[in-house]
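Undergrad: From just these sequences and the hints, can you work out the full model?
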Amino acid sequence: MNIAVIIRQVPDTEAAVKPHPANQGAIVEDGVKFILNPYDEYAVEEALRITEKDGGEVVGVCIGPQRSETAIRMAMAMGMARAILISDAPAVEADLVTQGGILAAAIKGLSARLILCGREMIDTQNDAAAAVVAHRLGIPHVLAASKIEISGDKATVVRDIEGGSLEIETALPAAISCQKGLNEPRYPTLIAIKRAKNKEIKKMTLAELGLAAAQPKSRVTALRPLQARSAGVKVAGSPEEVAGKCAAWLSETAKVI
Amino acid sequence: MAGVLVWVETSEGKIKKITREAAGAGAKIAAKLGVPLGAALFNGRDLVPGLENLGFSKIYTAEGAIFEKYSSEAYAQAFAAAGEQFNADVFLTGATALGRDLSACLAARLDAALAIDVTEILYDARPLKVIRPVYSGKLLAEVELLGDKKVISLRPNVFPAAETPSAPPEVVPLSLENLAIRAEVRKAIKAAEGVMDVTEANIVISGGRGTGGPEGFKVIGELARTLGAAVGASRVAVDEGWIEYAHQVGQTGKVVSPVLYIACGISGSTQHFAGMGSSKFIIAVNTDPDAPIMEKADFAIVGDLFKVVPVLKEELGKRIRG
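Going down the list, the sequences are from chains H and V. Residues 0 to 256 (numbering that gives the first Met the number 0) are what the first sequence spells out, left to right. Residues 0 to 321 (numbering that gives the first Met the number 0) are what the second sequence spells out, left to right.
It is possible that some hints are incorrect.
Claimed, not checked - No more than 30 Å apart at the CA atoms, straight line, and that leaves these computed lysine-lysine pairs for DSS-like:
{"hint": "1", "chain 1": "V", "residue 1": "K217", "chain 2": "V", "residue 2": "K317"}
{"hint": "2", "chain 1": "V", "residue 1": "K306", "chain 2": "V", "residue 2": "K317"}
{"hint": "3", "chain 1": "H", "residue 1": "K146", "chain 2": "V", "residue 2": "K279"}
{"hint": "4", "chain 1": "H", "residue 1": "K233", "chain 2": "V", "residue 2": "K15"}
{"hint": "5", "chain 1": "H", "residue 1": "K17", "chain 2": "V", "residue 2": "K279"}
The set of hints was computed from the structure by calculation and includes no laboratory data. Keep in mind that this is a model prediction, so the values were computed, not measured.
TA: And the structure:
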């Protein structure tokens, strides 16, 4: 079966990100390394494993600026066959619900039986893509899968919740977001990285998808650094000494105990 | 007329704490806008008495086999139906696993503005604005919600629980037609008995590389039992197989916001802070005085967790027993 994988390019988790002084809601990109969203690796890997067993093609769909190509090439080096990149500004700047609609429009033409994405985009910390895309396509979804088993027209999915997990049976086609624990993503070989350079990235605009730029439903009006936590009390000494000081601090200063 | 509608999240026949927190935030939004506050409660008709004095004027209920287990499709349809009857324009859920799911489905259904894992609401802003962490918690985004309908999920343990003396709410059963679901929960798998989840715990005690193995987590587990705390872990500890993934706090694990976070043998990477940076108080126990976490902790103990934690357990046990 054909599988569509929603991917995204994000700043490396180690990168120091700073709000852009002029562009509202943007970060300073100079010196920031961009990578494939770490959770998307689980989605790509799962798609590859399923198609390696049952046949079919893995196609990536990405909304993002031109620089997103490096993330797409990374997924291609893992084994993704081809990809669609939507880079026009109204799409890149759209709110997450609108972007879900754009992704759905791009996926519609792919005759995909399964749509996979990462559990969360680590830049915006949004985790709604699978649910929104599924709703727009009129298909069911499951979020945060740590196990996916395909059998015929159905998939059995285990998804984590607080204090346990749920085993969900869903009809296909379906959209599923992928959680850590689902698989061990492969490392691309050098040959695969080379070959990935020749794979097709089809650039599409909103107009080509039959969409018009929509009024934003939400927008980021400011980005600011988290107030850095400053160092507090630091103690050293015998276990009895430090434990005593800590217990006193907890009950007198923090008033937690 | 408009309104604010809160999803009542339940777990094993009990109302989850986040519901009271969402009711608190909802009551504040409703008061500022001069609109009523309502609730949507699915498969929990007998829990209605527990929803008094939270400021709800109406509680919309849905019962039946299809609601016995969580279903994105059925719950979102019912939540939307309740919203339509209540004329709601603001919808609140917890940013829990299922609350995030439901809010996403509802926002797609209503073509609404969606804000996930919100840690602050700017109640006086028009249109309404919220604050939420982005970029691994390194930045905070101020988000303006422009849509007519706004769906917001709230980070647990951040908003004060509601204390809103109010008349008993009116219960309105929803009549829903054409409910069909294609993704169905077949089995709920519980974590091992007595294991508290980190996401909603008031106190979380975590272990990292310094625990050196499962034995380190025994020491941490004993302190956790004394304090009624949940046990968390860094990515290293999980990847090493010392503790299950369900305990992982951080970028690729869970986000926690407890009153007290005790990090034992954890250096404090960016990825770990993404999951616990909004804790109210942080205590660190580390042999390395220069570990990044020691510069961010409110109380940093330079020492070996195997020696310090058991003594701390005794000391705190004495204080708790009085």
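Undergrad: Does each hint fit the structure? Answer for all of them.
TA: Status of each hint after checking the structure:
no.	hint	verdict
1	V/K217 with V/K317	holds (20 Å)
2	V/K306 with V/K317	holds (18 Å)
3	H/K146 with V/K279	violated (34 Å)
4	H/K233 with V/K15	violated (36 Å)
5	H/K17 with V/K279	holds (24 Å)
Consistency note: the structure conflicts with the earlier hints numbered 3 and 4.
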